[in-house]
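With the sequences and hints as input, model every part of the structure.
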Amino acid sequence: TEWAPSYEISKSADFTKKYVDTLEDLSKRCDKFTVACDFDLEGSLIGYNVLKFIAKKTDGKRMKFSTLTRGELIESYQTASKHLDFPLIRSGEARHIVDWLFGINLSRALTLAIKNATKVFKILSSGRVQGPALEILAEREKEIKKFKSKPFWELEAIGDVEARHKKDKFWDKKEVKKIYTKIKGEKKAIIQKVTKRIQQQSPPNPFDLTALQLEAYKIFKILPKESLAIAQRLYTKAYISYPRTSSNQFPPQINLKKVIRSLAKQPNYTKLCEILLAKPDLKPNNGKKTDPAHPAIHPTGLYPKKINERDKKIYDLIVRRTLATFGDPAQRESVSINSDIKKEPFIAKGTRTIEPGWHIFYGRYARFDEITLPSLNQGDIIKIKKINLLSKETQPPKRYTPATIIKELEKRNLGTKATRSAIIDSLYQRDYVKETSLQVTKLGLKTAQTLEKYCPEILDEEMTRVLEKDMEKIRDKKETKETVLKKAENHLKKTLKHFKKNEEHIGKALGKATIETRQQESKIGPCPECKKGTLRILKGRFGLFIACDRYKEGCKTTFSIPSNTLIRPTKKDCKVCGHPEVLILKKGKRPQIVCINLECKTKKVPTKLLKEKRKCPKCSSQLIVRKSLYGSFFSCPKYPKCRYIEPINNSKKNGAKVHK
380 TEWAPSYEIS KSADFTKKYV DTLEDLSKRC DKFTVACDFD LEGSLIGYNV LKFIAKKTDG
440 KRMKFSTLTR GELIESYQTA SKHLDFPLIR SGEARHIVDW LFGINLSRAL TLAIKNATKV
500 FKILSSGRVQ GPALEILAER EKEIKKFKSK PFWELEAIGD VEARHKKDKF WDKKEVKKIY
560 TKIKGEKKAI IQKVTKRIQQ QSPPNPFDLT ALQLEAYKIF KILPKESLAI AQRLYTKAYI
620 SYPRTSSNQF PPQINLKKVI RSLAKQPNYT KLCEILLAKP DLKPNNGKKT DPAHPAIHPT
680 GLYPKKINER DKKIYDLIVR RTLATFGDPA QRESVSINSD IKKEPFIAKG TRTIEPGWHI
740 FYGRYARFDE ITLPSLNQGD IIKIKKINLL SKETQPPKRY TPATIIKELE KRNLGTKATR
800 SAIIDSLYQR DYVKETSLQV TKLGLKTAQT LEKYCPEILD EEMTRVLEKD MEKIRDKKET
860 KETVLKKAEN HLKKTLKHFK KNEEHIGKAL GKATIETRQQ ESKIGPCPEC KKGTLRILKG
920 RFGLFIACDR YKEGCKTTFS IPSNTLIRPT KKDCKVCGHP EVLILKKGKR PQIVCINLEC
980 KTKKVPTKLL KEKRKCPKCS SQLIVRKSLY GSFFSCPKYP KCRYIEPINN SKKNGAKVHK
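Counting from 1 along the sequence shown, just add 379 to a position and that's the residue number in the numbering used here.
Just so you know, these hints were derived from the structure itself, not from any lab. Some hints here could point you the wrong way.
Each computed DSS-like pair below joins lysine-lysine, with the alpha-carbon atoms no more than 25 Å apart [claimed, not checked]:
1) 396 / 966
2) 866 / 876
3) 880 / 832
4) 865 / 431
5) 525 / 777
6) 616 / 692
Everything numeric in this text was worked out from a predicted model, so none of it was measured.
Shown next, in the form of structure tokens:
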């Protein structure tokens, strides 16, 4: 395996050449080198590669730090180790090479199998972790598809308390109807027993990366990929510690008392910090997970300035979680009231917080059901207003979300804390999954099904887990890089040999699924003009566009598509003009649902704005109004020489809305 600068391999990496040139120039003037990249597998490998391939050095000093605060960086520089962390570097090299070998070979095999068998070109990908991840999602999807709902019934009594029949679910309709007929007119219930139990609720553990991603999705619906990016920004600005950690512990050497004193200067946290600082002893409720390089995620105490709303949310969540770990246990009371309605047993259940403890620090993020029941004793009679017979059905298993699948991958020891969200992202990009509740597409299901039948090794979790452990052994000096690479290569060769044997079967099955998926994904909706055809996404000389599939019969209906975007059908029509709506996906932008009709009234420009004469601030030409799927905008008439555009501030009427 050979390493080469990214700009020599990919045009998209052209921007890196100036950095390589700068480092090369600086290295010629230096005789001592210190690596200050992030102290983790990726950072250590980046630092080593820069020294080896650019500076032509084989060793240097190594700084180790978890925050980018001035004090810690100075201390880290002064106490830097004399040599690089070679075990971590070797582990990183092994991981990169193994992932590269698996990714490029398996992806190439899948893509060529389709092309050779069906002449259809479609880039499919798989990898050491991507294959098992797809299999987990496909298995859940199959469970959902196979699931058959079963009817059941519940009896509910509404009155002074809300109670349910002790049996909970009735599977026999005759049985439940007989009971309902007996009690439906009853207006009172007799209390048989009141049980109270107080439980102590321990403070939460500090955040590791997965826990932060789960909580950010649960509370804010921020996707794991974005929450990691936000955490990285906060770390780079020195507001929080290094986010890519698997530890949920605060070791004693972190001076968190000093951090809390600094946080006390921020008005939002002053009172909370004062409560903690008044305690004789500050002891966090550490979890059991560790990380050899970094502690759990925590704030540094620096006051954040000029950060956007989403970044503020994640910062606030991290601060409050950190403070909450030092709080006292909360006390929650659970109450069960057993009652009798014409000799039929009913139970009412309630829970309430009687001592908030750490809830005070976690604030609105401490979300618990508060169901307070009246004070009752055995023998009391309560009023019943109504008795309901509820008809329900069993529900299929829930689909994974981007957050819960990351938790599942961690549980199964697949991938790393830093790569799991990227793996899920690649499943989206290859059209294996769609929607935020991860629904496996026809292509994804067929890929998993075909590989299960003809080459199950690609989906095998066990080999992936073994390789993960082997790479950890390299880091711990219990295994060599060469041994692990040899084992991985041997497994890959066997897998590819088995794949080649069944290549035609695999190619035909996946080719058929690819064609069906393309047809499904290209279908936007019925043509609003000829009423007979179907609007589809088609490819022309100048890129993608939407057109009626009856163009050969004379229908000329077409709609433009913005460049560098992905379009997905929504199966919904615009409520104003009746044209189909589509979901627009663009890298770095939030997804939007828009009406495809450029003449839709929602995109109409106010007459007042049309009369305004605006000049281009770049070339002084008079701006003109142009239309796009997103809505109308001002543009320079000298495009493409002058690319100035100005959005029309008419967001409520431009037909676009953020996709949630």
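Structure-based check of each hint:
no., hint, result
1, 396 / 966, "23 Å, holds"
2, 866 / 876, "16 Å, holds"
3, 880 / 832, "12 Å, holds"
4, 865 / 431, "24 Å, holds"
5, 525 / 777, "13 Å, holds"
6, 616 / 692, "16 Å, holds"
In the structure shown, no violation is registered for any of the earlier numbered hints.
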